[in-house]
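**Student:** Turn these sequences into a full structure, and let the hints guide you.
Protein chains: 4
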Amino acid sequence: MDDLIKEIISFRDERDWEQFHNPKDLAISLVLEASELLENFQWKSSEQAIDINFKHIQDELADVLIYSLMLANDLKIDVKEAILSKLEKNKQKYPVEKFKGTSKKYTEIE
Amino acid sequence: MDDLIKEIISFRDERDWEQFHNPKDLAISLVLEASELLENFQWKSSEQAIDINFKHIQDELADVLIYSLMLANDLKIDVKEAILSKLEKNKQKYPVEKFKGTSKKYTEIE
Amino acid sequence: MDDLIKEIISFRDERDWEQFHNPKDLAISLVLEASELLENFQWKSSEQAIDINFKHIQDELADVLIYSLMLANDLKIDVKEAILSKLEKNKQKYPVEKFKGTSKKYTEIE
Amino acid sequence: MDDLIKEIISFRDERDWEQFHNPKDLAISLVLEASELLENFQWKSSEQAIDINFKHIQDELADVLIYSLMLANDLKIDVKEAILSKLEKNKQKYPVEKFKGTSKKYTEIE
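Chains as they are written, first to last, in my numbering: chain A, 1 to 110; chain B, 1 to 110; chain C, 1 to 110; chain D, 1 to 110.
It is worth saying that the hints were derived from the structure and are not from the lab. Built from N, CA and C at the ideal position, the CB exists for glycine as well. Hints may contain errors.
Claimed, not checked - Computed cross-link-like contacts, DSS-like style, restricted to lysine-lysine with a CA-CA straight-line distance of at most 25 Å:
(1) B:44 <-> B:55
(2) D:6 <-> D:76
(3) B:91 <-> A:6
(4) C:93 <-> D:6
(5) B:100 <-> A:86
(6) A:76 <-> A:6
(7) C:91 <-> C:80
(8) D:55 <-> C:91
(9) C:44 <-> C:55
(10) D:86 <-> C:55
(11) C:55 <-> D:55
(12) B:44 <-> A:55
(13) B:91 <-> B:104
(14) A:105 <-> D:44
(15) B:105 <-> B:86
(16) B:100 <-> C:44
Said to hold, decoys possible - Pairwise CB distance ranges (calculated):
(17) B:16 <-> C:85: 25 to 31 Å
(18) B:80 <-> C:89: 46 to 52 Å
(19) C:54 <-> D:9: 16 to 22 Å
(20) A:100 <-> C:3: 31 to 37 Å
(21) C:5 <-> A:108: 38 to 44 Å
(22) D:55 <-> B:95: 31 to 37 Å
(23) D:3 <-> A:81: 51 to 57 Å
**Tutor:** Laid out in structure tokens, this is it:
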């Protein structure tokens with residue numbers, strides 16, 4: 001992961017783009033890339049989308065990850081730690097006994 | 001990274017949620033989480049947002065990463081490979097000579 | 001408004017597109033168009049964006065409205081009524097005495 | 001439509017919120033509301049979503065429209081004109097002969 005982040009930041013530094021990359025615009029960019037990923041599924045079933053657009057899906061997912069890792073880097077967030085700590089919270093929020101086999105949100109279950 | 005993906009998938013398997021997690025709904029979820037991340041910056045400068053909402057930003061970024069890794073896993077996309085291959089394409093699309101120090105898009109530059 | 005909706009639906013009917021326009025994909029499309037609108041502001045201040053991209057902003061905003069009115073039509077939602085009823089709820093949620101001159105969310109104010 | 005816009009702007013003026021409502025943050029808000037609308041369809045078919053979440057869908061769609069009309073007002077965009085002019089462009093982009101009965105994008109058709 002650290003090597004990947006280094007590659008991403010060096011790509012940015014070569015272009016001198018850090019000056020534009022404030023966290024608010026990075027968060028905007030993350031939404032834009034996630035939308036471009038979703039666009040591959042518009043008017044389609046999952047199967048059709050993967051059939052027709054697999055290469056695009058892979059590229060857009062990579063863009064989402066690139067911006068995520070950039071933002072983490074700039075905010076000095078440790079990616080691994082952040083994920084494990086959020087999974088821990090999700091475990092509290094969605095205990096197995098209550099949420100096994102249901103897609104309900106925690107707000108929809110008493 | 002592989003260990004993180006294992007943790008995420010085991011969280012899902014314990015809840016028997018794979019049945020709901022078709023790629024189209026995962027792509028939707030990715031947009032929703034990216035939007036929740038962005039919500040922390042609404043009506044605020046980057047500095048104000050980080051000051052007030054740092055913990056939330058970290059958690060939402062983790063959610064974006066969790067869904068990204070889940071989707072990569074389900075589509076059998078190698079995350080590292082996908083990122084490096086996309087960076088390579090971006091290098092072609094944004095050659096240093098033309099794009100150093102400018103935030104223009106490749107469509108805005110002749 | 002009714003005339004506008006008629007124009008929009010007749011555009012769709014001429015192309016026989018209603019078959020693809022289930023509400024879930026229309027909601028997806030709405031997010032995609034809102035993101036394309038936002039893209040015009042990426043890496044820019046409001047002023048720069050309007051200066052450079054005004055025509056695009058107008059077109060993307062129109063697309064957001066077109067999909068919104070289409071979805072309202074398909075779900076038999078009366079647009080005027082829906083807006084006025086939501087404004088009423090917002091007035092309850094954000095009483096003038098508490099929220100005048102502050103950009104805080106209702107969750108951030110006791 | 002003009003009356004609706006007046007209601008919306010008067011709601012804002014009573015709260016003195018115009019100071020926060022720069023176009024960039026309004027465009028962000030539009031994405032956030034469109035995402036909240038879409039959230040009602042997450043993990044569900046259109047039918048299930050409408051069955052369970054109709055009231056929420058109506059309210060979120062109203063929020064999308066409220067922000068759209070606010071942004072149009074602030075940028076002095078005539079909503080009706082913008083929609084009709086965009087429909088005209090879409091008619092050029094998607095001529096009936098080529099696009100009748102297909103959900104392909106114009107980039108997918110030669």
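**Student:** Could you run down the list of hints and mark each one as holding or not?
**Tutor:** The hints, checked one at a time:
1. B:44 <-> B:55: Holds - the C-alpha atoms of residue 55 of chain B and residue 44 of chain B are around 16 Å apart, at most 25 Å.
2. D:6 <-> D:76: 13 Å, holds
3. B:91 <-> A:6: 15 Å, holds
4. C:93 <-> D:6: Holds: residue 93 of chain C and residue 6 of chain D sit about 20 Å apart, inside 25 Å.
5. B:100 <-> A:86: Cα-Cα ~37 Å, so violated.
6. A:76 <-> A:6: Answer holds: residue 76 of chain A to residue 6 of chain A is near 13 Å, not above 25 Å.
7. C:91 <-> C:80: Holds, at about 17 Å.
8. D:55 <-> C:91: Since the Cα atoms of residue 55 of chain D and residue 91 of chain C sit roughly 18 Å apart, the hinted pair holds (cutoff 25 Å).
9. C:44 <-> C:55: 16 Å, holds
10. D:86 <-> C:55: Distance of about 11 Å is within 25 Å: holds.
11. C:55 <-> D:55: 35 Å, violated
12. B:44 <-> A:55: 36 Å, violated
13. B:91 <-> B:104: The given pair, whose Cα atoms are some 15 Å apart, holds under the 25 Å limit.
14. A:105 <-> D:44: 12 Å, holds
15. B:105 <-> B:86: 16 Å, holds
16. B:100 <-> C:44: 17 Å, holds
17. B:16 <-> C:85: 25 to 31 Å: 39 Å, violated
18. B:80 <-> C:89: 46 to 52 Å: Once the Cβ atoms are compared, 47 Å apart, the range 46 to 52 Å for residue 89 of chain C and residue 80 of chain B holds.
19. C:54 <-> D:9: 16 to 22 Å: 21 Å, holds
20. A:100 <-> C:3: 31 to 37 Å: Since residue 100 of chain A and residue 3 of chain C have Cβ atoms about 52 Å apart, the given range 31 to 37 Å is violated.
21. C:5 <-> A:108: 38 to 44 Å: 33 Å, violated
22. D:55 <-> B:95: 31 to 37 Å: 52 Å, violated
23. D:3 <-> A:81: 51 to 57 Å: 53 Å, holds
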